[in-house]
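Trainee: Under my numbering, the first residue of the sequence shown carries the number 75, and numbering increases by one thereafter.
In case anyone wonders, no lab produced these hints; they're calculated from the structure. A few of these clues could be false.
What the hints assert, rightly or not - With a straight-line cut-off of 30 Å between C-alpha atoms, the simulated DSSO-like cross-links for lysine-lysine are:
hint: 1; residue 1: 187; residue 2: 126
hint: 2; residue 1: 187; residue 2: 167
hint: 3; residue 1: 143; residue 2: 179
hint: 4; residue 1: 139; residue 2: 157
hint: 5; residue 1: 158; residue 2: 143
hint: 6; residue 1: 179; residue 2: 139
Unchecked claim - What follows is a set of in silico ranges between Cβ atoms, one per label pair, in the way DEER data are often shown:
hint: 7; residue 1: 148; residue 2: 119; range: 15 to 25 Å
hint: 8; residue 1: 189; residue 2: 136; range: 44 to 54 Å
hint: 9; residue 1: 122; residue 2: 165; range: 39 to 49 Å
Each residue gets a CB set at the ideal place from its N, CA and C atoms; glycine is no exception.
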Amino acid sequence: MTNVRLSSKPFEGSFNSLVDNLFTELPVFLKTEFNRGERKGLVPVNVIETEKSYQLEVVAPGFDKADFKINLDQQLLTISAEKKNEQEEENHKNIRREYSYSSFKRSFTIDEKIDAT
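With the hints as constraints, model all of the structure from the sequences given.
Mentor: Structure follows, in structure tokens:
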């Protein structure tokens, strides 16, 4: 005969350790973005290295080139965009409008070895 011990909360320890492991085993680059709350609505950026420069490709649907601002403050490069919905006289009635304003901001720390001027 085998004795079996039953717990009143059989999944509590397993679930807690699962959640703890999830956040302790995240890659470092994801942890910092999650901790700062920057992951929500994050605009994807590709960083490309060529022989003479670095290039950033930003995917931001709905934005025009004129909507973007690029700022360099010492070694911090910030790309941002803002678009407000302009009220235009239309010949139709909106039944539902779920968007009217969009913005984003991404910042990158540039290595001191790179000439960012």
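Trainee: If any of the earlier hints don't hold here, list their numbers in rising order.
Mentor: 2, 8
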